[in-house]
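S.K.: Modelling step: build the complete structure from the supplied sequences, incorporating the hints.
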Amino acid sequence: MNAATAVGATLLLMLGGAWLVAVFDRIAAALVARRPVGSLWLGPLQSGASLLVSRTNQTEHPDALNWALAPALYLVLAFVGVALVPFSTSGALVDIPAGIVLWGAVESLTVVAVFLHGWSANALFPLLGAYRYVAVGLPIMLVSMFVLIAAALPAQSLALGAIVQSQAGLWNVVRQPLGLPLFLLLGLSLTLRGPFNYADSADLAGGTDAERSGPPRAVWQWARLSMAVSFSAMAATVFLGGPLGPAWGTAELGPLWLTLKTAVVLALLVAASHLLARMPPSRMLTLLWTVLLPLSFVGLVAAGIEAAP
Amino acid sequence: MTLQALLIVASALIGLGLYGVLSQQSFVMLMMGFELILNGVLLMTMAFWSFGSAGAPKGQLLAILVMAVMALEMAIGFALVTAVYRQRQADTTEALDTLKH
Amino acid sequence: MAIAWPWLDRLAARAPVAIFVAVGRDAIERVEDLSLDARIAWVASPRHADVLLVAGRVRSEDAPALRAVHDQIPAPRKTLWWGSTPFQELVLPMVLPLADEASLPILSLHTRVSNSEPDWLPDVPPNPWRGLGPNGQGGKDMMGGVPYGRPMAMTDDDSRDGLQLDQTTVQIGPFLQTWPAGLVLELALQGDVVQHARVVHSPCGPTKGLREGVSSRLRSAARLLRLLELGSLAERCLRVAAAHDRCQPVELAALRAAVRRSGAFAALPAGLGACRLDGAPSDIRSRLLAWLGNDADPSKDATTEPKPKLSGLLTGLEWNEAWLVISSFTPQQLHGMAVPEKAPVKGDDNTTNSARSAMEHAH
Amino acid sequence: MNDLVSGIDIAFWALAAIAVLSGWRVFSTDSMVRASFLLLLSFMAVAGIMLLLAAPYIGVATIFMMAVEMMVMAVFMVMFMMNPAGLNPMSMVHQQPLAIGAGVVAFIGLSAAVLTSPLPDQPVAADHRAIHALGIEMLGDSMLIFESAGVALLSAMIGSVILSSRSGRFGPADPGSRPPGLCEGGLPAGSVPDENKNHGMGHGMQHDTPNAAPQDTHGAHGAQGS
Chain E
6 MNAATAVGAT LLLMLGGAWL VAVFDRIAAA LVARRPVGSL WLGPLQSGAS LLVSRTNQTE
66 HPDALNWALA PALYLVLAFV GVALVPFSTS GALVDIPAGI VLWGAVESLT VVAVFLHGWS
126 ANALFPLLGA YRYVAVGLPI MLVSMFVLIA AALPAQSLAL GAIVQSQAGL WNVVRQPLGL
186 PLFLLLGLSL TLRGPFNYAD SADLAGGTDA ERSGPPRAVW QWARLSMAVS FSAMAATVFL
246 GGPLGPAWGT AELGPLWLTL KTAVVLALLV AASHLLARMP PSRMLTLLWT VLLPLSFVGL
306 VAAGIEAAP
Chain P
82 MTLQALLIVA SALIGLGLYG VLSQQSFVML MMGFELILNG VLLMTMAFWS FGSAGAPKGQ
142 LLAILVMAVM ALEMAIGFAL VTAVYRQRQA DTTEALDTLK H
Chain H
10 MAIAWPWLDR LAARAPVAIF VAVGRDAIER VEDLSLDARI AWVASPRHAD VLLVAGRVRS
70 EDAPALRAVH DQIPAPRKTL WWGSTPFQEL VLPMVLPLAD EASLPILSLH TRVSNSEPDW
130 LPDVPPNPWR GLGPNGQGGK DMMGGVPYGR PMAMTDDDSR DGLQLDQTTV QIGPFLQTWP
190 AGLVLELALQ GDVVQHARVV HSPCGPTKGL REGVSSRLRS AARLLRLLEL GSLAERCLRV
250 AAAHDRCQPV ELAALRAAVR RSGAFAALPA GLGACRLDGA PSDIRSRLLA WLGNDADPSK
310 DATTEPKPKL SGLLTGLEWN EAWLVISSFT PQQLHGMAVP EKAPVKGDDN TTNSARSAME
370 HAH
Chain B
27 MNDLVSGIDI AFWALAAIAV LSGWRVFSTD SMVRASFLLL LSFMAVAGIM LLLAAPYIGV
87 ATIFMMAVEM MVMAVFMVMF MMNPAGLNPM SMVHQQPLAI GAGVVAFIGL SAAVLTSPLP
147 DQPVAADHRA IHALGIEMLG DSMLIFESAG VALLSAMIGS VILSSRSGRF GPADPGSRPP
207 GLCEGGLPAG SVPDENKNHG MGHGMQHDTP NAAPQDTHGA HGAQGS
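Protein chains in written order, with the working numbering: chain E, 6 to 314; chain P, 82 to 182; chain H, 10 to 372; chain B, 27 to 252.
None of these hints come from the bench; they were simulated from the model.
Quantities reported herein were computed from a predicted structural model and do not represent experimental measurements.
Hints should not be assumed to be uniformly reliable.
Now the stretches of chain E that chain H is said to cover, found in silico as 3 or more residues with beta-carbon under 8 angstroms [stated by the list, open to error]:
1) 38 to 45
2) 57 to 71
3) 202 to 212
4) 280 to 294
What follows is a list of derived Cβ distance ranges for each label pair [what the hints assert, rightly or not]:
5) P:S134 x E:V179: 27 to 33 angstroms
6) H:A84 x E:S95: 50 to 56 angstroms
7) B:V187 x H:D287: 41 to 47 angstroms
8) H:P106 x E:L265: 39 to 45 angstroms
9) E:E65 x B:L47: 28 to 34 angstroms
10) B:E173 x E:W46: 52 to 58 angstroms
11) B:S143 x E:G21: 56 to 62 angstroms
12) E:A307 x B:I134: 53 to 59 angstroms
From the three backbone atoms N, C-alpha and C, an ideal C-beta is built for every residue, glycine too.
M.R.: Written out as structure tokens, the structure is:
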């Protein structure tokens, strides 16, 4: 696969994926609320267009630079995440030997982007959202680090391509049953969704997003959807074998398998965000530090024992 | 990109960090000065690793230790700041002058 | 900045109309029914809205807040007065009685070609700049004062761990989604922990009697679920409530099971908002469970016991918990609980007492 | 080959400029939150240089670690400093001439040492498996060093929790962790901090701090018609 195809595939996955997440969101909302779905296929585009045509606003004394750049930073991070994912068994757009560590950097910079978005507005609700998000976003990131290191153990490599190859016999989702569920929690946090939506939540009138209108808000929302795609592609790579397909397939079908697996993870992510209740932050912090973090560590130890020669 | 250029950039970072440490009143800003110095040290370490040792792994290990030192400095630094603040409501160096008197 | 391409406009015109609702007296149920319309989206922040809907009579003390909210809606903006009296100075306001359906007038208002409404407030800081003190904020030195109408953050005791960090004093309300209509609270926040709470204005009391039917209890449950980020489930509650209002048979057991499956009860900390209510101890979980139950109105003759004070229940809670507690009371229950309280004694420069004494101490 | 080399050179000088400029801005910006993210930018530029040096793991790990560290730093800034949003301009510097002098001397001294000493030039091969070598080293010959660093971090964690928690050795920490009396109700064993100094003054600010500007950071004109 040459570079041009890879770039094209990335962009396509990003645009189509964001739209797909929005469609999934609508289906899930309608199913849970027991109502007809309504305008399903065009609905996301219409909502996006209505944000694009409305007017940009200004808050009182914002930190102008970060106020302008935070949505773009979030979007760029989502793109970096997708660029790291190997589309086929032959490689990714950005193929570096420490790919999974770079994804960790994307995770931590996402916390920075959300914080900057809320802080720079210079208003109460966005600031509270940002502050709260950092408190929950950092420990859940630690959980994901343990989970990802566990996934890298059988591959004996930090490169995503090697991690995919190591799953040729058995996918990590089976080998490390704790991994994917814990990693999905991180996905909810990265995309500010449902049970981990501490930044842009209803009890803050939209949180970090509360003071936004117009095209920048469209970028922010698109970035949230794109981050969901990025995360799902990463989860599909690390736990579901990425572009590996059944034995009868050929290597050229790799991107197709990856897309299908990404869509499955996306559906799980969207379902969780509509079906699960969110706890107050202090309760969530207790859960994170006393249950989830030890659990992920147990998973890491188990993976280490399993991977030992 | 030569070793000389890398080391001069690192020296500039160390000089800036030293300025920060000496000039800032606030504890937290003072810690940022230390961090900047360690940033320069990290760059020097990796420069020597890259140009001076033909990639001996011990150089990278030293860089990891520098990072560990940064984390230690942050953790203990913030704990001390919190402890001092709890007792005196002070978060600047000038406020802590008990030893002078 | 906005993008102007004709095809984008056509696409945008088919999106649901985003409304921000300033809920006044006795209008909340009408608004909730309106929000079930697929052509309308009830948004949480005025920054996200196209149309301001003023539903029900707005008290005179809430008028300044209403003006501020209106001016935060991005242009081009429109206002619909639904069962409320427009401000005197407005030219040709669009008025509709609360009994009429609002969805079609909102859709007709929402045309992007026409001009936007002008601001209702002059674009100046809410408090004039006082120019007092060395830094102009009106306090002493760098401390104190009320710059731009907001008290300066000052250190104060922390009820939780004793770390005396800065507190911000803010007024919350009266127009927020899932917030009791008309309630204005003054909160001293340290991070997101409420250190002091004071009721500034009580909520618009219910005038339709103190009846609590299945429908109104389900609506209360919907407000609580929305704060748990269960917006879709909250919508289902509202739909069931609306069906009940139309005298259709409703199945509450399935709804209750769905709420239980979502982990809502596990997510709510046990004992949060615990108080004696109507002669029995209750907390947030038991109240939510009772709302989703089938049994008749539990409040028989509830007037014998003094009601707990809302501000007392909020102190020491995190922001999210505080709002959950507020939403765990029906408007009827909240009626006697949130009585306006006097502001604490203030000094000449409006700093809090402890900050003032601390400064005098320092001099 | 020549083009490639100059491309790396351009990237290096650009990153070096970002690292030094943002490092300088850390101490000249007026908001502490901005300062901590400028420091992050400086770290990220240095990490970029490390990537150019064919040290991918160390470079990426620097970004990763520093993003978290600076985030924590920013939250502490917001927590401790006077204005919640940290947007209030203020200047809190002292002993400027000394500090500038020390910084300049350090820079010139180190640079002179760099320029006058003979420097090795054995660059790493481009296909050097740096991460693999590091992993073998860490869990092989240098395991003791690596583990000691881990233990040091653990003890720092425990120590920081103990230092910053409310319950001190002699009861709650906030009244001032003073030792108990020598006899019942007697004077504390040890020196007593001067209670009247700087107590409750809010951050122990000096009264003549210059350049404090309007505080307009709270609450906002915020969405909710406050």
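S.K.: Could you run down the list of hints and mark each one as holding or not?
M.R.: Status of the hints after comparison with the structure:
Interface restraint, the stretch 38 to 45 of chain E with chain H: holds (6 residues with C-beta to C-beta distance below 8 angstroms; minimum three). With a cut-off of 8 angstroms between beta carbons, the stretch 57 to 71 of chain E has 7 residues touching chain H; three or more are needed, and the interface restraint holds. Counting residues of the stretch 202 to 212 of chain E whose beta carbon lies closer than 8 angstroms to any beta carbon of chain H gives 7, which reaches the threshold of three, so the coverage claim holds. Given a C-beta distance limit of less than 8 angstroms, the hint that chain H covers the stretch 280 to 294 of chain E holds, as 9 residues qualify and 3 suffice.
The hinted range of 27 to 33 angstroms is not satisfied by P:S134 and E:V179, whose Cβ atoms lie roughly 43 angstroms apart. Range check, H:A84 to E:S95: Cβ separation about 52 angstroms, and the 50 to 56 angstroms hint holds. Distance hint check: the CB atoms of B:V187 and H:D287 are about 44 angstroms apart, consistent with the given range 41 to 47 angstroms. For the hinted restraint 39 to 45 angstroms between H:P106 and E:L265, the CB-CB distance of approximately 54 angstroms leaves it violated.
Between E:E65 and B:L47 the C-beta distance comes to about 29 angstroms, which sits within the given range of 28 to 34 angstroms. The beta-carbon spacing between B:E173 and E:W46, approximately 57 angstroms, falls within the hinted interval of 52 to 58 angstroms. A hinted range of 56 to 62 angstroms holds for the C-beta pair B:S143 and E:G21, which are about 57 angstroms apart. In this structure, E:A307 and B:I134 meet the distance hint of 53 to 59 angstroms, their C-beta atoms being roughly 55 angstroms apart.
Hint check: violations occur at hints 5 and 8; the rest are consistent with the structure.
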